[in-house]
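Participant: Sequence:
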Amino acid sequence: MITSSKKRLMRDFKKLQSDRIVGINAVPDEKNLMEWSAIMFGPEDSAWEGGIFKLKLVFPEEYPNKPPNVKFLSKIFHPNVYNDGRICLDILKNNWSPIYDVSAILTSIQSLLTDPNPRSPANTVAARLFEQNKREYYRNVKSMVEKSWMD
Numbered sequence: 001m002i003t004s005s006k007k008r009l010m011r012d013f014k015k016l017q018s019d020r021i022v023g024i025n026a027v028p029d030e031k032n033l034m035e036w037s038a039i040m041f042g043p044e045d046s047a048w049e050g051g052i053f054k055l056k057l058v059f060p061e062e063y064p065n066k067p068p069n070v071k072f073l074s075k076i077f078h079p080n081v082y083n084d085g086r087i088c089l090d091i092l093k094n095n096w097s098p099i100y101d102v103s104a105i106l107t108s109i110q111s112l113l114t115d116p117n118p119r120s121p122a123n124t125v126a127a128r129l130f131e132q133n134k135r136e137y138y139r140n141v142k143s144m145v146e147k148s149w150m151d
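Under full-length UniProt numbering, read the sequence shown as residues 1 to 151, first letter to last.
Quick caveat, the hints were computed from the structure, so don't treat them as lab data.
Hints are supplied without guarantee of correctness; some may be wrong.
What the hints assert, rightly or not - Straight-line Cα separation of at most 27 Å, DSS-like style, residue types lysine-lysine; simulated pairs:
| id | residue 1 | residue 2 |
| --- | --- | --- |
| 1 | K147 | K56 |
| 2 | K31 | K15 |
| 3 | K93 | K71 |
| 4 | K142 | K71 |
| 5 | K66 | K15 |
| 6 | K75 | K147 |
| 7 | K71 | K14 |
| 8 | K56 | K75 |
| 9 | K134 | K15 |
| 10 | K6 | K54 |
| 11 | K75 | K7 |
| 12 | K93 | K14 |
| 13 | K66 | K54 |
| 14 | K66 | K134 |
| 15 | K31 | K56 |
| 16 | K6 | K147 |
| 17 | K54 | K134 |
| 18 | K6 | K71 |
| 19 | K14 | K56 |
| 20 | K56 | K66 |
| 21 | K54 | K15 |
| 22 | K75 | K134 |
| 23 | K7 | K93 |
| 24 | K93 | K54 |
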């Protein structure tokens, strides 16, 4: 049975295919439209440039009225990413709205890479370094970029 959430996800996928986002690719699982895999390249001219990061998106039956669970599968050192890959981003929590689609979610995450919010940390070590020792923070980021090639 095609539910309203699956119809919406099919529409989101068609939009992603026609309006490509630079540095982002996402596809639904071939057996389960409610689970997607994504690859995000580190944005150019940022410390993340050259990185290849894998993400998983799991959509609830209530999508788009409820947000998906999104997490990085690749190891990442970022103030707003928990050690298990979960992402602390307002549009995935308190500020969710049905107007957000897969493109908006992934674009927001890509933007978060270069513009973290250390005042709402998921990784306190990364947040502290970002605010107090940018040089060490960026050294850790570069290490994650290099490790992303191995994933």
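Participant: Which hints from the list above does the structure break, by number from lowest to highest?
Facilitator: 9, 11, 14 and 16
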